[in-house]
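**Q** Sequence:
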Amino acid sequence: MTGTRLEDAADARLADAVRTVSTVRGRGLRRSVLVGAALVVCVVAVFALSLSVGDMVMPLGKVVDTLLGGGDGGSQFVVLELRLPRALLAILVGAGFGLSGAVFQSLLRNPLAAPDIIGISAGASAVAVTAALLFQVSGLALSASALIGSLASGAAIYLLAWRQGVAGQRLVLIGIGVGTGLTSVVWYVMARSDTTDAQEAFRWLTGSLNGRSWNQLWPLLIALAVLLPATALAARTLGPLQLGDDTAAGLGARVEPGRLALLGCAVALAGVATAAAGPVGFVAFVSAPIARRLVPGRGAALVHSALTGALLVLVADFAAQHMLPSVQLPVGVVTSIIGAPYLLLLLARANRVGAGG
130 MTGTRLEDAA DARLADAVRT VSTVRGRGLR RSVLVGAALV VCVVAVFALS
180 LSVGDMVMPL GKVVDTLLGG GDGGSQFVVL ELRLPRALLA ILVGAGFGLS
230 GAVFQSLLRN PLAAPDIIGI SAGASAVAVT AALLFQVSGL ALSASALIGS
280 LASGAAIYLL AWRQGVAGQR LVLIGIGVGT GLTSVVWYVM ARSDTTDAQE
330 AFRWLTGSLN GRSWNQLWPL LIALAVLLPA TALAARTLGP LQLGDDTAAG
380 LGARVEPGRL ALLGCAVALA GVATAAAGPV GFVAFVSAPI ARRLVPGRGA
430 ALVHSALTGA LLVLVADFAA QHMLPSVQLP VGVVTSIIGA PYLLLLLARA
480 NRVGAGG
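Quick note: the sequence shown uses our numbering, first residue 130, plus one each step.
Just so you know, these hints were derived from the structure itself, not from any lab.
Cβ atoms here follow ideal geometry from the backbone N, Cα and C, with glycine treated the same way.
You may find that some hints are simply not true.
Label-pair ranges, simulated between beta-carbon atoms [said to hold, decoys possible]:
#1 205 to 173: 17 to 25 Å
#2 305 to 264: 50 to 58 Å
#3 305 to 373: 18 to 26 Å
With a straight-line cut-off of 25 Å between C-alpha atoms, the simulated SDA-like cross-links for lysine to any residue are [unchecked claim]:
#4 191 to 201
#5 191 to 162
#6 191 to 343
#7 191 to 202
#8 191 to 340
#9 191 to 448
Given these sequences and hints, build the entire structure.
**A** Put into C-alpha cells, the structure is as follows:
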C-alpha cells in the first residue's frame with residue numbers, strides 16, 4: 130500500500146512538473162509572438178512615416194494611392210523613386226545585419242562577436258574601397274567586390290582561428306586583429322587617392338543610404354531571398370552548438386559542418402548588407418541583445434533580431450534625414466551614437482567581472 134502511495138505521489142509531482150513546463154513554454158511562445166507582431170507594427174509605422182515626411186510632406190492616403198498606381202507625376206517620383214527604395218533598403222540592410230549579428234553572437238557565445246567588430250565588415254570595406262579608388266569599379270561590380278571581401282576575410286579569420294575546432298574567444302580576438310589590419314589598408318588606399326574620390330569613399334565607409342535607389346535594392350533583395358532560407362536551415366544546429374561541441378556531438382549534431390554553414394550564412398548576410406549601404410556600424414552588434422531582452426528565454430531570437438535590426442536602421446535613417454535642417458547625415462553616424470555607448474558599457478561590465486566584481 131505504501132509503495133502504491135509513493136508511486137501515486139511521484140506521478141502527481143511529474144504531472145505538476147509537466148504542466149509547469151507547458152505553462153512556461155506557452156507564456157514564452159505568446160510573448161514571442163506578441164513581441165514579433167509589435168516589432169512588425171513598428172516597422173510598418175516607421176516605414177509609412179518615411180514615405181510621408183520629407184521636403185514635400187504627403188498625407189498617408191496620398192502615399193497609399195501613389196503606391197497603388199495613382200497620384201500625379203511629382204508624387205510618383207518622390208514616393209516611388211526617392212523614398213520607397215531607400216526605406217525598403219533600410220529594412221533589408223537592418224534585417225541582414227541584425228540576423229548576422231545574432232548568428233555570430235549565439236554561435237560563438239560572445240557578445241563582441243559581430244561582423245563590424247571581428248573584421249568581416251572591414252574585409253568588405255578594404256576590397257570595395259581598393260576596387261573603387263584604384264580600379265574605378267562602380268555599380269554592381271562594386272557591390273560584388275564588397276561581398277567577396279567579406280567572404281575572404283571571414284574565411285581567413287576562420288582558418289587562422291582553427292585549432293582542431295574553433296573556439297569563440299579565439300575567433301573574436303583573431304577577427305579583431307585581422308579587422309585592424311584591413312582598416313589600415315583602407316586608410317592607406319584613401320591616403321594615396323584623389324581628395325574627391327577619398328571623400329566619396331569615406332562617406333560610404335560611414336554607412337549611408339543617401340542617394341540609394343532600386344539599383345542597390347534589387348541585388349540585396351535577391352541575395353536575401355537565398356540567404357534567409359539558407360540561414361533558417363542552418364540554424365537547426367544552432368541550439369545544440371550553443372551547448373558546446375561535446376554536447377552537440379553527443380546529441381547527434383554535425384559540429385564542424387554545422388558551424389561552418391552558420392558562419393558562412395552570417396558572413397554572407399553581413400557582406401550583402403555592407404555591399405548595399407556600406408558598413409553601417411553597430412546594427413549587428415546591438416540588435417541581438419535588444420531582441421533577447423525583449424524575448425528572454427527564446428535562445429538566439431533570430432527572427433526578432435532581424436526585425437530589431439530593420440527597425441533600428443529605419444529609425445536611424447529617418448533621424449539622419451530630419452534631425453538637422455537642410456543636412457542629411459549618413460545613417461551610420463546615428464547608429465554609432467546608439468551603439469558606441471553600449472560597447473563601452475559592455476567592456477566596462479566585462480572589466481568588472483574580470484576583476485572579480
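**Q** Quick check: which numbered hints come out false for this structure?
**A** 2 and 5
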